[in-house]
Amino acid sequence: MIVIGIDPGVARTGYGVLRKGGRYPVPLDYGCIETAADHTQAERLLEIYERVSALFDEYEPAWVVLEKLFFSKNVTTAMRVSEARGILLLAAEQRKIPIAEYTPNQIKQAVTGSGRADKHQVQEMMRRLLRLREVPQPDDTADGLAVALCHINMVR
8 MIVIGIDPGV
18 ARTGYGVLRK
28 GGRYPVPLDY
38 GCIETAADHT
48 QAERLLEIYE
58 RVSALFDEYE
68 PAWVVLEKLF
78 FSKNVTTAMR
88 VSEARGILLL
98 AAEQRKIPIA
108 EYTPNQIKQA
118 VTGSGRADKH
128 QVQEMMRRLL
138 RLREVPQPDD
148 TADGLAVALC
158 HINMVR
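Just remember that the working numbering sits 7 ahead of the position in the sequence shown, which is counted from 1.
Just so you know, these hints were derived from the structure itself, not from any lab.
A portion of the hints provided could be inaccurate.
[Unchecked claim] No farther apart than 27 Å at their CA atoms in a straight line, the calculated lysine-lysine pairs in the DSS-like style are these:
#, residue 1, residue 2
1, K103, K75
2, K103, K27
3, K126, K75
4, K27, K75
5, K126, K27
Go ahead and model the full structure; you've got the sequences and the hints to work with.
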(Lines of atoms letter the chains of each structure in order from A and count residues from 1; the text may use other names and numbers.)
(Lines give C-alpha, C1' and ligand atoms only; values in the text may rest on other atoms or scores of the structure.)
Protein backbone atom coordinates (compact mmCIF):
# COMPACT_ATOMS: atom_id res chain seq x y z
CA MET A 1 0.00 0.00 0.00
CA ILE A 2 1.36 3.42 -0.98
CA VAL A 3 0.40 6.50 1.03
CA ILE A 4 1.15 10.10 0.09
CA GLY A 5 1.17 12.49 3.04
CA ILE A 6 0.89 16.21 2.41
CA ASP A 7 1.51 19.27 4.57
CA PRO A 8 -0.45 21.89 2.62
CA GLY A 9 0.81 25.39 2.01
CA VAL A 10 1.06 27.95 -0.76
CA ALA A 11 4.71 28.94 -0.43
CA ARG A 12 5.74 25.39 0.53
CA THR A 13 3.80 22.14 0.30
CA GLY A 14 5.66 19.27 1.91
CA TYR A 15 5.03 15.71 0.79
CA GLY A 16 6.12 12.20 1.64
CA VAL A 17 5.47 9.00 -0.29
CA LEU A 18 5.63 5.86 1.84
CA ARG A 19 5.04 2.22 1.00
CA LYS A 20 3.71 0.06 3.79
CA GLY A 21 5.42 -3.25 3.58
CA GLY A 22 7.25 -5.59 5.88
CA ARG A 23 8.12 -4.37 9.34
CA TYR A 24 8.91 -0.76 8.45
CA PRO A 25 7.41 1.72 5.97
CA VAL A 26 9.70 2.43 3.03
CA PRO A 27 10.17 6.03 1.84
CA LEU A 28 9.78 6.15 -1.94
CA ASP A 29 9.96 9.91 -2.39
CA TYR A 30 9.74 13.08 -0.34
CA GLY A 31 10.29 16.76 -0.80
CA CYS A 32 8.78 20.18 -0.89
CA ILE A 33 6.93 22.00 -3.65
CA GLU A 34 8.03 25.62 -3.39
CA THR A 35 6.23 28.35 -5.31
CA ALA A 36 7.60 31.78 -6.13
CA ALA A 37 6.36 34.67 -4.01
CA ASP A 38 6.29 36.96 -7.08
CA HIS A 39 3.71 34.73 -8.81
CA THR A 40 -0.01 35.30 -8.46
CA GLN A 41 -2.02 33.09 -6.12
CA ALA A 42 -3.60 31.43 -9.17
CA GLU A 43 -0.18 30.67 -10.68
CA ARG A 44 1.03 29.22 -7.40
CA LEU A 45 -2.06 27.02 -7.04
CA LEU A 46 -1.65 25.77 -10.61
CA GLU A 47 1.95 24.81 -9.92
CA ILE A 48 0.94 22.92 -6.77
CA TYR A 49 -1.86 21.18 -8.68
CA GLU A 50 0.41 20.11 -11.54
CA ARG A 51 3.22 18.86 -9.30
CA VAL A 52 0.91 16.95 -6.95
CA SER A 53 -1.02 15.49 -9.87
CA ALA A 54 2.26 14.19 -11.29
CA LEU A 55 3.04 12.54 -7.92
CA PHE A 56 -0.40 10.92 -7.79
CA ASP A 57 -0.06 9.65 -11.36
CA GLU A 58 3.45 8.30 -10.79
CA TYR A 59 2.81 6.49 -7.49
CA GLU A 60 -0.92 5.67 -7.74
CA PRO A 61 -1.39 5.85 -3.95
CA ALA A 62 -4.00 3.89 -2.02
CA TRP A 63 -4.44 6.98 0.21
CA VAL A 64 -3.78 10.70 0.12
CA VAL A 65 -3.47 12.06 3.64
CA LEU A 66 -3.58 15.75 4.54
CA GLU A 67 -2.75 17.67 7.65
CA LYS A 68 -5.91 19.43 8.79
CA LEU A 69 -5.78 23.20 8.71
CA PHE A 70 -5.33 24.77 12.12
CA PHE A 71 -5.02 28.53 12.44
CA SER A 72 -6.32 30.68 15.22
CA LYS A 73 -4.91 34.12 14.42
CA ASN A 74 -3.97 34.80 10.80
CA VAL A 75 -7.16 34.60 8.75
CA THR A 76 -5.45 35.68 5.50
CA THR A 77 -2.90 32.87 5.72
CA ALA A 78 -5.63 30.38 6.62
CA MET A 79 -7.64 31.37 3.55
CA ARG A 80 -4.64 30.97 1.22
CA VAL A 81 -3.76 27.59 2.70
CA SER A 82 -7.42 26.56 2.41
CA GLU A 83 -7.22 27.29 -1.31
CA ALA A 84 -4.15 25.04 -1.57
CA ARG A 85 -5.99 22.31 0.35
CA GLY A 86 -8.85 22.59 -2.14
CA ILE A 87 -6.43 22.01 -5.01
CA LEU A 88 -5.02 18.95 -3.26
CA LEU A 89 -8.47 17.54 -2.56
CA LEU A 90 -9.48 18.14 -6.17
CA ALA A 91 -6.43 16.34 -7.55
CA ALA A 92 -7.08 13.31 -5.31
CA GLU A 93 -10.81 13.23 -6.01
CA GLN A 94 -10.27 13.41 -9.78
CA ARG A 95 -8.30 10.17 -9.45
CA LYS A 96 -10.77 8.62 -6.97
CA ILE A 97 -8.03 8.29 -4.35
CA PRO A 98 -9.40 8.01 -0.79
CA ILE A 99 -8.53 10.97 1.44
CA ALA A 100 -7.78 10.98 5.17
CA GLU A 101 -7.03 13.96 7.39
CA TYR A 102 -5.36 14.33 10.78
CA THR A 103 -4.78 17.27 13.07
CA PRO A 104 -1.23 18.43 13.80
CA ASN A 105 -1.53 17.05 17.35
CA GLN A 106 -2.70 13.64 16.10
CA ILE A 107 0.25 13.49 13.71
CA LYS A 108 2.81 14.49 16.34
CA GLN A 109 1.34 11.99 18.83
CA ALA A 110 1.47 9.18 16.26
CA VAL A 111 5.08 9.74 15.21
CA THR A 112 6.78 11.11 18.34
CA GLY A 113 4.57 9.97 21.20
CA SER A 114 3.80 13.58 22.15
CA GLY A 115 1.17 15.87 20.65
CA ARG A 116 3.34 18.80 21.75
CA ALA A 117 6.49 17.81 19.84
CA ASP A 118 8.29 20.65 18.07
CA LYS A 119 9.41 20.76 14.43
CA HIS A 120 12.93 19.52 15.25
CA GLN A 121 11.58 16.50 17.14
CA VAL A 122 9.34 15.56 14.21
CA GLN A 123 12.24 15.91 11.77
CA GLU A 124 14.52 13.74 13.91
CA MET A 125 11.86 11.08 14.39
CA MET A 126 11.30 10.91 10.63
CA ARG A 127 15.03 10.38 10.16
CA ARG A 128 15.05 7.59 12.73
CA LEU A 129 11.76 5.85 11.99
CA LEU A 130 12.23 5.88 8.22
CA ARG A 131 15.95 5.13 8.44
CA LEU A 132 16.96 8.21 6.48
CA ARG A 133 20.60 9.26 6.30
CA GLU A 134 19.77 12.90 7.02
CA VAL A 135 17.01 14.87 8.69
CA PRO A 136 14.44 15.77 6.01
CA GLN A 137 14.61 19.46 5.11
CA PRO A 138 12.79 21.79 5.18
CA ASP A 139 10.45 20.97 8.05
CA ASP A 140 7.49 20.92 5.63
CA THR A 141 9.05 17.83 4.04
CA ALA A 142 9.32 16.10 7.41
CA ASP A 143 5.70 17.04 8.08
CA GLY A 144 4.60 15.45 4.80
CA LEU A 145 6.40 12.24 5.77
CA ALA A 146 4.89 12.40 9.27
CA VAL A 147 1.37 12.75 7.85
CA ALA A 148 1.86 9.60 5.74
CA LEU A 149 3.42 7.67 8.62
CA CYS A 150 0.60 8.71 10.94
CA HIS A 151 -1.94 7.19 8.57
CA ILE A 152 0.05 3.99 8.16
CA ASN A 153 0.18 3.69 11.95
CA MET A 154 -3.55 4.32 12.25
CA VAL A 155 -4.59 1.67 9.70
CA ARG A 156 -2.40 -1.17 10.99
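Hints that the structure is at odds with (numbers, increasing): Hints that this structure does not satisfy do not exist here, as all of them hold.
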